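There are 2 protein chains.
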Amino acid sequence: MNIVCNKQKLLDGINIALKAIPGKTTMAILECMVIEVKEGIIKLISNDLEIGIETIIEGDIKEEGSVAVEAKLFFEIIRKMSLDEINIQVNENYVMNISDGKSKFNIAAKSSEEFPFLPPIVKNESISISQFTLREIIRQTIFSISDNENTKIMTGELFEIKENVLKVVSLDGHRISIRNVQLKNSYPDVSMIIPGKTLMEISKILNGGLEDEVIMYFTDKHVLFEFENTIFLSRLIEGEYYKIEKMISSDYETKILVNKKEMLESIDRATLLIKESEKKPVIIDITDESMTFSINSQTGSMNEQIEVTKEGKDILIGFNPRFLIDALRVIDDEEIKIYMINPKAPCFIKNDDESYIYLILPVNFKV
Amino acid sequence: MNIVCNKQKLLDGINIALKAIPGKTTMAILECMVIEVKEGIIKLISNDLEIGIETIIEGDIKEEGSVAVEAKLFFEIIRKMSLDEINIQVNENYVMNISDGKSKFNIAAKSSEEFPFLPPIVKNESISISQFTLREIIRQTIFSISDNENTKIMTGELFEIKENVLKVVSLDGHRISIRNVQLKNSYPDVSMIIPGKTLMEISKILNGGLEDEVIMYFTDKHVLFEFENTIFLSRLIEGEYYKIEKMISSDYETKILVNKKEMLESIDRATLLIKESEKKPVIIDITDESMTFSINSQTGSMNEQIEVTKEGKDILIGFNPRFLIDALRVIDDEEIKIYMINPKAPCFIKNDDESYIYLILPVNFKV
Chain A
423 MNIVCNKQKL LDGINIALKA IPGKTTMAIL ECMVIEVKEG IIKLISNDLE
473 IGIETIIEGD IKEEGSVAVE AKLFFEIIRK MSLDEINIQV NENYVMNISD
523 GKSKFNIAAK SSEEFPFLPP IVKNESISIS QFTLREIIRQ TIFSISDNEN
573 TKIMTGELFE IKENVLKVVS LDGHRISIRN VQLKNSYPDV SMIIPGKTLM
623 EISKILNGGL EDEVIMYFTD KHVLFEFENT IFLSRLIEGE YYKIEKMISS
673 DYETKILVNK KEMLESIDRA TLLIKESEKK PVIIDITDES MTFSINSQTG
723 SMNEQIEVTK EGKDILIGFN PRFLIDALRV IDDEEIKIYM INPKAPCFIK
773 NDDESYIYLI LPVNFKV
Chain B
423 MNIVCNKQKL LDGINIALKA IPGKTTMAIL ECMVIEVKEG IIKLISNDLE
473 IGIETIIEGD IKEEGSVAVE AKLFFEIIRK MSLDEINIQV NENYVMNISD
523 GKSKFNIAAK SSEEFPFLPP IVKNESISIS QFTLREIIRQ TIFSISDNEN
573 TKIMTGELFE IKENVLKVVS LDGHRISIRN VQLKNSYPDV SMIIPGKTLM
623 EISKILNGGL EDEVIMYFTD KHVLFEFENT IFLSRLIEGE YYKIEKMISS
673 DYETKILVNK KEMLESIDRA TLLIKESEKK PVIIDITDES MTFSINSQTG
723 SMNEQIEVTK EGKDILIGFN PRFLIDALRV IDDEEIKIYM INPKAPCFIK
773 NDDESYIYLI LPVNFKV
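Taken in sequence, the protein lines are chains A and B.
The opening residue of the first sequence carries number 423 in this note's numbering; numbering runs sequentially from there.
The opening residue of the second sequence carries number 423 in this note's numbering; numbering runs sequentially from there.
Among these hints, one or two may not hold up.
Since copy identity is lost for identical chains, a pair holds within one copy or between any two.
Here are the computed lysine to aspartate or glutamate pairs in the EDC-like style, where the Cα-Cα straight-line distance is at most 16 angstroms [as the list claims (entries may be wrong)]: (1) K697 <-> E675; (2) K735 <-> E711; (3) K619 <-> E571; (4) K677 <-> E633; (5) K446 <-> E461; (6) K484 <-> D710.
The set of hints was computed from the structure by calculation and includes no laboratory data.
These numbers come from a predicted model, not from an experiment.
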């Protein structure tokens, strides 16, 4: 194998492929990325057995072939090269020579024979969505997945298409995050559970353009994201997702309109007094036109008041401040609406067209 | 006690005092900073028993008094306040009320009675130096102290004044770093060993101005740095420093002139192939007009050549690449001069007026 690549383009490709290189593994071959030069195309391939990535890079092909090289070392060497044109040559003993004309590296590479190449995916059902939107809906829901592997389904997110609306849901038993996105085209209904880790890794490589599309292909077991020169394949989580419709209510006894930033900062300050081991709630007292936050912990006490517009009853209700902070941080609206029924029932933070709904369970507290 | 302070000015003071708050300690009082309001002055005081800091902050004094408050919590609360005018009031039970008019915090503070206040220092001998220069000479030498507490003297740096030159020296048994600074005024000769930790912490709070002076006062046991509104007191390391004069030679058999950045980048690339557990040297082959770096490790091999101007003999010599990198990084000159005698004798990187001298021992290697 022998190719000549531009340093920056090569690095961009390596950075994408690195997302499917596992941090720790007992299978040394998974720490490698494959450089596959075939039919006039140079591909970088990585696979941690949950996620697999193939990305095409530009370059001059002098000789085709395929090789597996330790991914992090390869990345570091390319990154530190001083000149722009990088020649990569692999001999019959899998010694890889990397040179920019000035620095010459020889490292031991491997045959790619043992590498778990990505399975072929039949591209049937698919949707198209902008990279920006996909990255945003992940950011706006990923915080409320669970990391408890015993409830595997909660470690992923529901992606459901119904009547040309993409609904993304995550929940951890204390809260539910929902985002609804109107799709531009018509699609058949479909539903799948995508692992949280997949969503976190793909967010890192989506460049975020509003004009740049991602095509998502679904099969029973896999989802394939295709964008620019890259395909990103992930296993799905098997099983049926929770029926969330019956948990969502539109009844309320108290409705408030509040400045999001002010509320977020008040709660953020309140958390200063809570040590991690304590599970102290922030207590919110809503009366006419005001909302008072207070907290009482071993460290001390705090209270502060902000203005709100209220409809309905007064209420005194306690929350895990973390849950409120997580939801408020990902809402872009300046003013938000919060709906409550009583101090035992879930509260809802949502907008009028329900493009977002955050359900949070309150916690008990002693007055 | 009752004071009203501007948020930012208070934070600036707290940030300085935090440098003498220990990370871990069994003495809870050391995790506190004292706010002492006395004779019309507001002071923040901290002391980890190696370093003690007093810094004066501006503010309106409503009532004098003194209190010890958990430093990191106090910092976090002030930092997150939303308004600029902060009122701090402590009652007779040492409950501290912190308020900006909107947020009201009550936290448990302590009497400052048990706090180890800084000992009084007789201000006799002193030198004056710019904050910029002090910060620079620390940065340019601190990397070659030892962290081995068994050779306590090596964990500090020699500060020696002789004939109005300040010489700063650090060494770790494999290398010596020396910086010489011509002082503007006349001073008596003096010599002391300042702990490395002291130097690292003070570097962090020196604002770096060329026009802003630091006065250093010396006693047998202490050094006191005085600048702006702050005094920074540190114990000295007791004992006599190594006689370095006899280790410094001006003989050489090979002298080269080389571009610093090019040499640094070449060595940096070579280290990619060395795992931490390996102690592989970078081998430098100097012949007429060129310097070739090569490395051979379990991971692979690398070599590259750069141009140099050489006087004297050819030489093949091996170094711990880390030691070369550390020295090259802190030299500001574009072109540097390196002097070598033979592959067993120390090499010297120094400039003509010897404002810096870096001595590095070579290592043995197999060809």
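For this structure, which hints from the list above don't hold up? Per hint list: 1, 4, 5 and 6 violated.
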